[in-house]
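Chain by chain, the residues:
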Amino acid sequence: MLILILKRVLISIPLLFVVSVLVFVLQSFIPGDAAQQIAGPQASPEMVEKLREALGLNLPVWEQYARWLGEVLHGSLGTSLLNGQPVIDALNQRLPTTLSLVIGSTVIATIVGVVLGVISSRGKGAAARFIDVLSIAGLAVPGFWLALLLITVFSVQLGIFPATGYVAFADSPSEWLRSLALPVAALSLTGVTAIAKQTREAMLDVQASDFIRNLRANGIPESAIVFRHALRSSAVRIVTISGLLFIGALGGSVVIEQVFGLPGLGTLAVSATTSKDLPMIQGIAVYFTLIVIVVNLATDIAYGWINPKVRTS
Amino acid sequence: MTSSPTPAPDSTTWIATQPRNRRRRGPLARFIRKPLGVAAAVLLLLGVVASFAPSLLTSIDPQAADFANVLSGPTAAHWLGTDSLGRDILSRIIYGTGPALLGVLIAVGVAALVAIPAGLAAAMFRPVDAVVTRLNDLVMSIPGIIVLLMVLALSGSMNWAMVAVGLLTAPGLVRVVRSSAATVTEEPYIAAARVFGVGKWKIAFRHVLPRIAGPILVNVSLIAANALVTAAGLNFLGLGLTPPTPSWGGLVADGAAVMNQQPWTLVPSGGVIAITVIAFVLLGDAIRDVTAEGWTAGRSKGASITRATTVPATSSDDAVIESADALLRVRDLSIAFPDADGSARSVVQSVSFDIGAGEAVGIVGESGCGKTITGLGVLGMLPGGARVVSGSIQLDGVELLELSPRERAAVRGKTIAFVSQEPMTALDPLFTVGYQISQAVRVHTGASRKRAAARTLELLEQVRIVDPKRVARSYPHEISGGMAQRVSIAIALAGAPRLLIADEPTTALDVTVQAEIVALLRTLQEETGLAVMLISHDLGVVSALCERAVVMYAGQAVERAPVGELMSTPLHPYSAGLLSANPHFATPGSRLQTIPGSVPPPDKWPVSCHFADRCALATEACRVGPIPLVAVAPGRASRCVRVDALQTEGVAR
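Heads up: the protein sequence lines correspond to chains A and B, in order. Using my numbering, read the first sequence as starting at -9 and increasing by one per residue. Using my numbering, read the second sequence as starting at 338 and increasing by one per residue.
No wet-lab data here; the hints were simulated from the structure. Every clue listed holds true.
As a list, the in silico DSS-like pairs of lysine-lysine whose alpha-carbon atoms are at most 27 Å apart:
1) B:Lys787 x B:Lys751
2) A:Lys(-3) x A:Lys299
3) A:Lys114 x B:Lys371
4) B:Lys806 x B:Lys787
5) A:Lys299 x B:Lys806
6) B:Lys751 x B:Lys806
To give an idea of the interface, some chain A residues facing chain B are shown, with a C-beta separation under 8 Å as derived from the structure:
7) Leu5
8) Val9
9) Val13
10) Leu138
11) Thr142
12) Val146
13) Ser199
14) Asn204
15) Gln248
16) Thr263
17) Lys266
18) Ile271
19) Pro298
Cβ coordinates follow ideal geometry from the N, Cα and C atoms, glycine included.
Turn these sequences into a full structure, and let the hints steer you where they fit.
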């Protein structure tokens, strides 16, 4: 197991490298640059050129990348071209918001989805259809639109939850929960339906297996068969989907954060892209990739925890 | 990026139904019979019209501002209302269709062009597989949204962003193509094509691709749905499109800006996205179903018996030996599966037998004769819609068929226990052996955790496991097949049952291990007074353990006899055939006889003798009507009109 984790970590390093190169190459093609942006439209070409030299934007791409890599090896991700703030500080400041949102929606989606999936795997006809309809709805309703509907109903009409803004957990745990309720709900719908459908299918597959028949034939009660044996066997598939959902939610969070005005990595990504703040974009890409790597690692560890065969090999 | 790989149509059904597929409808005719699919197709066609000629669908200019009717809500002039500048929302939706569908087309096209060849190559060429899988994992780990934001900043064009969406969603499709192509390439006709020297790429595109079209289409429709929502999301953020140009995502953003004054504006803008996504998904499902029907005959799933057909009374059993102290008494048991048209197709017909306390009785026959179904019937666990249509099953004088499902469940494990054929799949791979035994102990005896653990070790010793403590800590994959079967038996013994139904308990094991398991069952029978119902195709195993045997053929009991007599003088040609086909009883040096042909499927069973077509002794009399099971000697019964011939001539061995 330990070797497996180590192997995965080693495989992840080239991934980080590939992503950072990709971002650099793409970025270098973007017409116009930060110097123009910072100097403003009224600036003279000489001023822009000076700024460009000061920021190192006149160097060839590979040299810019080499400089950036050098900084990374010294534990820094550079500074924002716009306001000189160290990128790491900006990212760390916003990371909790995004993580709260993404972890929250993955956890909610998994719990609700598993409950719905188990219920529908026990039922016939109508229950199965319900999940099919729900999963189409999960695909069809765009998260940002659902977010707006939720705001309309729960903030504007009923006034239960705030429409925008984020309160840190450290400031007030209850307000933190309230500020996250709607964003998490909007972000988790697709996940709920995906998990419900996969859980249902996995449960039905397991129910057809020999060992479930033997358990039943030897008088093990239905509750133990469903919740202990069938659910645990289905867990591998559920965990796989949860991992994918987490990564999907990371992407979805960009739009959702924008709708609810949450100061997370997503809103930062949008503003950094429009202002061509290269180090910031680079930093966000690195953080997102790191999160993906950690999630994949956690998924692998979960496989081992569920399946003794993986654990012992 | 949700992908749900659908398994390829079952190969055996396909082979079997090909020649019978006479009145196969064309794909279009089959498609028209799916209302949801047709509705989705019509809607998307409308979308295509809106893309090429929006003016055909509306006369209102999407940019024309009607300041008199700002944020109007639906009216006769503006069917879907107006936005904050008084522009007609319906017109803006129609004019926004083109860019939306073009984006979807680009994403789907790019994904298909990349993923289909890559997936096929991975399935057919081993070295490619490793590369493709690596690349796939890599792309799936790239934070897609960052790439999209950058591409938009780079090009300022939605179309380039949609190319990126296609590339980023390709891995899911690669997986679907790869896994479904891998199953198809294992089929005989693909192997045959290969033997005939057909080139690999030709096989891939000519033979494999059409077969896996179903799962591909479903995944493509999901990619289309995902692309549409992603594009709308980017437009909603204000990226990729210049403001006055209408876009669906932009319309939602416009609505969001005025949602406090006129929440209605959110409905049509988001609704059109949702409806289009639903249309993609439904169309994909419908086309998948149509192609799947092309490969398999339509078979109604989850059917239940609506018309009960009576089993011919004459096939009944007139020769039951009444034994007063029978533990299990099965009488005229008939079991049927629902047929496609709702009628009952009987798979077990009027089977009767007794098992006394502590007695071992064998149920013998080839697979497909109804032995296992009979065993499951006794357990009250008939699969998939099957049910007992008539007869009686008494346990210790109690009629089991009159009990509620809950009461029957209570019998399982406590009075009747079960051991199955394949020991390696009989145990839950995720729990230790010890846990699985002690779970059964606790369920049946209510013992504490500690007491159950002690009892677990006792049970493992009872099934002659040498190092019980170590085995209890092991997981199923860490022990051998023979040991796993011993563990299965230990689980069955946990509730101190009086009857053990053992379904081919030795078939999957090595010959030496087989003998050990048979010996174990015999010892347990002697030690604990356990009765055994041994289901087996192997007369050798039955003769080693059982006192009496019931020979089953094609749903009927054809002979009932004490095992010794059955072996020396079989009184049914089928029993004789089983005997001479068994290597245990062959004369060394002579050729092993086999029974010609195979057990026919239940829908081919005649009313007359089921075995006649494979029988060397069959005459006209065998094909006239039902053959009764009659007493032919003390304690013996046979369902054969030519018993006399058998007795005098013997069966040619």
